[in-house]
Every structure is written in structure tokens, then in C-alpha cells.
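Colleague: From just these sequences and the hints, can you work out the full model?
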Amino acid sequence: MRFTAEVKVMLKEGISDPQGQTIERALPALGYEGVGEVRVGKRIELKLDAGDIDEARAKVEDMCNRLLANPVIESFQVEVS
Amino acid sequence: MKPRVGVVQFPGSNCEQDCVRAFRSLGAEVEMIWHAEEHLPEVDLVVLPGGFAHGDYLRTGALARFSPIMAAVEAHAAAGGLLLGICNGFQILCEAGLLPGALRKNAGLKFICAWTELRVDNVDTPYTGRATPGQVLKIPINHFEGNWYADDATKDRMVANGQIVLRYVDNPNGSLVDAAGISNGSGNVLGLMPHPERACEALLGSEDGKVILGSVLDLIGRSPRRPASELKAVSGLESAT
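Residue numbers (this note's numbering), protein chains in the order written: chain S, 3 to 83; chain E, 98 to 338.
It is worth saying that the hints were derived from the structure and are not from the lab.
Hints may be right or wrong, so weigh each one.
Not everything, but these chain E residues come out facing chain S in the computed CB check (under 10 Å) [said to hold, decoys possible]:
{"#": "1", "residue": "N203"}
{"#": "2", "residue": "A247"}
{"#": "3", "residue": "T251"}
{"#": "4", "residue": "D253"}
C-beta: ideal position from N, C-alpha, C; glycine also.
Modeller: Below you can see the structure in the form of C-alpha cells.
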């Protein structure tokens, strides 16, 4: 079966995110007050073949651990449909 | 016998010729190794040069660590072989797990191309034998992702072990503990963001890079490599086992 996966990769909590900080500093200049905790990540979409949804999820999690995310600084979430 | 240096060339490397020139000027025999090779030639030192290997897509070094040559590079390091990663090469070593931590985007979100001053904090490594303790070297940086990070436990252990070999005098990129160059636990693997190969000629503004590149060649000169063929002949193990 063909599955669709969405992977969200974010810097782990506690790891400084200079892109998020820069955006956070820029927003008040556009008139948006009270905005905080801006974090920037990546979204990766892919399609894959697998026997069932659990196998598909396991495959994508394996991809994340080996390549799509760097576990030293990043966390990931996988959604398969 | 001249020290032998192998410089790995990935698609997207752009400092490999600088490394070749610098090591040759210091008296080494240097050869380039294409990333798609599966075996290393007989070399004393493997260098992963700077650049943008595989376009640095996804993350810096993330794809390069899966180049075919990397299995042989990992085996070389695991056997105690000397392995030096400069800039993108350092990023690749972290991605490959050959050095601890990871390199994040610079704290100021700027690509920085500038001269930096580095303090040598550990002279007892294969790469710093020519340095005096605390010596300050003038060597340029040229990167966007040089902001080294490791979790507290790893960082504390490395500081205690003297693995933070080179530190920025004036931290340009937010790197933890001002780390500019770090080693693995046994010291045979060094990664650094600054480019010593670009600081080996007075004409270029500094010759301090020779302290690092020359140190490792000195070490090789003191403990000459014995070719595998010679080892077999001497030990006779090949016929005995």
C-alpha cells in the first residue's frame, strides 16, 4: 500500500533558535504585540510503500533517526495516512 | 619517508585544493580521494575539507556522511588513524558521530568570513604539538553553521578531558564554551571551523595554520607508518593464521 507521511522537525526545547528569535523581534515592528516563543522548523512530506500503516510509521521514524533529523539538536513528529 | 595525506573530495567540496597545496608546502605527499571510492589508499592522515558537500541539503554534512568513502573513513578513525575535518569536514564528522555534538546556525544568523583569533587550550594532541600552551593563532573562518552545541553532560566531560582543543578569543558565532575546534576522546580525530589551510603563507596574511597542519605531520614523522605488506612480512601472521 501507498502511504503519505508528514514529518515535522523542530529544534529541541532549550536549544536556541536564532531564526525564531529574529522573527520574534521583527513582528512588533509590524504592529503585532504580545507575540512570543517563535520557533522555526521543517516540514518534510513523502510517499512510501509499506504493508500497513504501522510498518509505514516505523519506516519513517527510522528515516528520521538516521537522516531526516539530527537527534543531537532536533526532535521530530511523524504523521502517516 | 614523507607523511602521506589523503584529502576526500565530495561533490560540493571547495577547499580541497587549498588543503592539497598547504600540506604539500609542508612536505607531505598528498592525494585526492573521490567520495564514491569505497577504500582509502595507504595514508597517515585523512582530511575532510571545507565546502558544501552534496549541497549541504537538509543539514550541513547530513548527506555527506553517507558517501561510500565514509565507511572506510570511520574504520580508519576507529583503528586510531588520524582524521581532520575542516569547516564542512567538521560538520560531516559531527553528523557521522565521529565527533560529539552538532553545528547550528551562527547565533547572529550571518555567514561570517573573517579572521579570528584562536587560543590553543590543549597542546597535548596530535594537532597541536607545535603550539605553546595558550598560544593565540590567527586563522580565518568562513561559515554559516559553526555554532557548536552539545548537551551539558557531554560538554562538561569534554572540557574536563581537554577535548575543547581550540577556543575563539572573541566568539563570533555563539559556539558553546567558545569552541572552535574539538577532538574525540582519544584525540586522533579533530574538527575545527577555522581554515588552517588558508593561513599557511605570509602572502595570505598569516602562517599560523602551519602550527596545526605542521604538528600532525611532525607526529607522523616521529612514528612512521609501516605498510600493511611490511607488517605481514615481519609478523608472518598471514601464513600462520
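Colleague: Each hint: holds or not?
Modeller: Taking the hints in turn, this is what the structure says about them:
1. N203: holds, 7 Å
2. A247: Hint holds; A247/E Cβ to chain S Cβ min 7 Å, cut 10 Å.
3. T251: holds, 9 Å
4. D253: Status violated, d = 16 Å.
Going down the numbered hints, you'll see the structure goes against just number 4.
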